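Produce the entire structure from the sequences given, and follow the hints as far as they go.
There are 2 protein chains.
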Amino acid sequence: MNKKKEAAGDAALKTISEPALKRLPLYHQYLKKVHSTGMQDISCTRIAEELNLTPILVRKDIAYTSIQGKPKTGYSVEALITAIEDFLGWKNTNEALLVGAGNLGNALLGYRQFNEYGLSIIAAFDSDKAKVGTTVHGKKVFDIDRFENITQRLKIKIGIITVSADSAQEVSDMMVRSGITAILNFTPVKISVPDGVTVQQVNLASSIAILIRSIE
Amino acid sequence: MNKKKEAAGDAALKTISEPALKRLPLYHQYLKKVHSTGMQDISCTRIAEELNLTPILVRKDIAYTSIQGKPKTGYSVEALITAIEDFLGWKNTNEALLVGAGNLGNALLGYRQFNEYGLSIIAAFDSDKAKVGTTVHGKKVFDIDRFENITQRLKIKIGIITVSADSAQEVSDMMVRSGITAILNFTPVKISVPDGVTVQQVNLASSIAILIRSIE
Numbered sequence: 071m072n073k074k075k076e077a078a079g080d081a082a083l084k085t086i087s088e089p090a091l092k093r094l095p096l097y098h099q100y101l102k103k104v105h106s107t108g109m110q111d112i113s114c115t116r117i118a119e120e121l122n123l124t125p126i127l128v129r130k131d132i133a134y135t136s137i138q139g140k141p142k143t144g145y146s147v148e149a150l151i152t153a154i155e156d157f158l159g160w161k162n163t164n165e166a167l168l169v170g171a172g173n174l175g176n177a178l179l180g181y182r183q184f185n186e187y188g189l190s191i192i193a194a195f196d197s198d199k200a201k202v203g204t205t206v207h208g209k210k211v212f213d214i215d216r217f218e219n220i221t222q223r224l225k226i227k228i229g230i231i232t233v234s235a236d237s238a239q240e241v242s243d244m245m246v247r248s249g250i251t252a253i254l255n256f257t258p259v260k261i262s263v264p265d266g267v268t269v270q271q272v273n274l275a276s277s278i279a280i281l282i283r284s285i286e
Numbered sequence: 071m072n073k074k075k076e077a078a079g080d081a082a083l084k085t086i087s088e089p090a091l092k093r094l095p096l097y098h099q100y101l102k103k104v105h106s107t108g109m110q111d112i113s114c115t116r117i118a119e120e121l122n123l124t125p126i127l128v129r130k131d132i133a134y135t136s137i138q139g140k141p142k143t144g145y146s147v148e149a150l151i152t153a154i155e156d157f158l159g160w161k162n163t164n165e166a167l168l169v170g171a172g173n174l175g176n177a178l179l180g181y182r183q184f185n186e187y188g189l190s191i192i193a194a195f196d197s198d199k200a201k202v203g204t205t206v207h208g209k210k211v212f213d214i215d216r217f218e219n220i221t222q223r224l225k226i227k228i229g230i231i232t233v234s235a236d237s238a239q240e241v242s243d244m245m246v247r248s249g250i251t252a253i254l255n256f257t258p259v260k261i262s263v264p265d266g267v268t269v270q271q272v273n274l275a276s277s278i279a280i281l282i283r284s285i286e
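Heads up: the sequence lines are chains L and H, in that order.
Be aware that the first sequence starts at 71, since it is given in our numbering, and climbs by one per residue.
Be aware that the second sequence starts at 71, since it is given in our numbering, and climbs by one per residue.
FYI, nobody ran anything at the bench for these hints, they're computed from the structure.
Because the structure is a prediction, the values reported are computed rather than measured.
It cannot be assumed that every hint is accurate.
Pairs count within a copy or across copies, as identical chains cannot be separated in the list.
As the list claims (entries may be wrong) - Straight line, CA to CA, 27 Å or less: simulated DSS-like cross-link-like pairs of lysine-lysine:
| no. | residue 1 | residue 2 |
| --- | --- | --- |
| 1 | K142 | K102 |
| 2 | K199 | K102 |
| 3 | K92 | K260 |
| 4 | K103 | K199 |
Written out as structure tokens, the structure reads:
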């Protein structure tokens with residue numbers, strides 16, 4: 071379903087690989103650090119050394135942001151920070167809706183770091199009537215029945231799933247039906263989505279399983 | 071450094087692949103769901119169908135837990151749940167220490183789901199004197215200077231890093247020096263650890279970068 075959209079999405083993503091996209095926030099945090107020490111300019115070689123990468127890879131990744139380096143000195147640290155933020159869309163605020171105002175959901179509603187990554191959770195949804203109407207870290211909790219309507223009205227594209235595992239697929243289906251095309255899934259369930267919908271899973275259960283296994 | 075330990079660790083991990091280890095929590099949550107509906111027995115084929123996997127893969131994964139299937143009916147749902155929990159060490163409590171009692175750290179201190187995954191955060195550490203001595207979700211915040219001593223005294227092997235990106239490597243080094251061999255890293259920094267130390271990274275910045283890029 072929605073093959074046309076998928077094709078368009080694929081083409082857009084092809085301009086930068088997922089690993090490269092994942093490295094840009096890493097460069098950004100390093101650049102912020104060197105910027106705070108007063109450094110004006112920086113070379114790819116220097117960034118590469120610090121982050122255990124190759125200069126060629128760093129140069130290629132940075133080229134995606136369309137910034138121009140200066141001969142000999144490399145890049146202006148400040149300009150490079152801005153270029154990465156622009157490229158990653160951190161300057162814009164990308165609004166998201168969260169479903170599941172439980173323990174983890176509430177924690178994420180108060181996680182201010184999301185704003186630095188260009189993401190703003192504007193409201194939460196839950197099926198538990200006791201939670202509906204409450205405010206968590208300044209964000210209102212709405213009845214899940216209103217999700218589709220609010221998502222479409224505000225044209226929100228990003229959904230965050232923090233419900234229990236057994237509701238994950240159902241919530242994902244509802245999100246997709248409502249027009250959500252990017253999902254951050256905090257449940258251990260591998261959710262199925264149609265073409266054109268991007269899912270990123272944060273699987274704490276799996277990460278912990280690997281750590282515990284390693285110490286036994 | 072510590073080559074001997076690495077070799078032992080590698081051998082232990084070889085008994086089950088990382089992808090297989092990541093799938094076991096998924097089976098577990100599905101089995102809990104079917105168990106709650108009253109189902110007594112289940113086949114690999116049924117699990118595979120539900121989770122979009124192949125029956126052969128599911129059978130191989132489950133074999134790691136050493137459970138015996140029954141001809142025709144498959145596995146007892148209840149016995150399989152217990153076998154997976156035993157294998158993953160969820161029945162034991164694996165104690166962990168958290169460094170960085172900020173916004174995210176505090177949220178994780180209150181994240182009760184960790185207990186279901188066999189992990190118990192018993193204390194937090196911070197360098198901010200204003201936080202030291204406070205209690206967050208029932209867990210005490212200690213001065214970071216006491217980390218090494220407490221870790222060694224209690225023989226803790228798991229550390230959770232929720233400091234800001236620019237302190238991540240420093241905290242990781244301190245953890246390793248203190249005897250931590252399994253690290254859950256919530257910063258965007260790719261930390262360097264010696265052989266024999268297992269790291270799992272939860273990189274929210276990267277996941278969000280990919281989602282935002284996909285909607286543009």
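Hint check results:
no. : hint          : result
1   : K142 <-> K102 : within (21 Å within a copy, 61 Å between copies)
2   : K199 <-> K102 : between (44 Å within a copy, 25 Å between copies)
3   : K92 <-> K260  : both (21 Å within a copy, 11 Å between copies)
4   : K103 <-> K199 : between (45 Å within a copy, 23 Å between copies)
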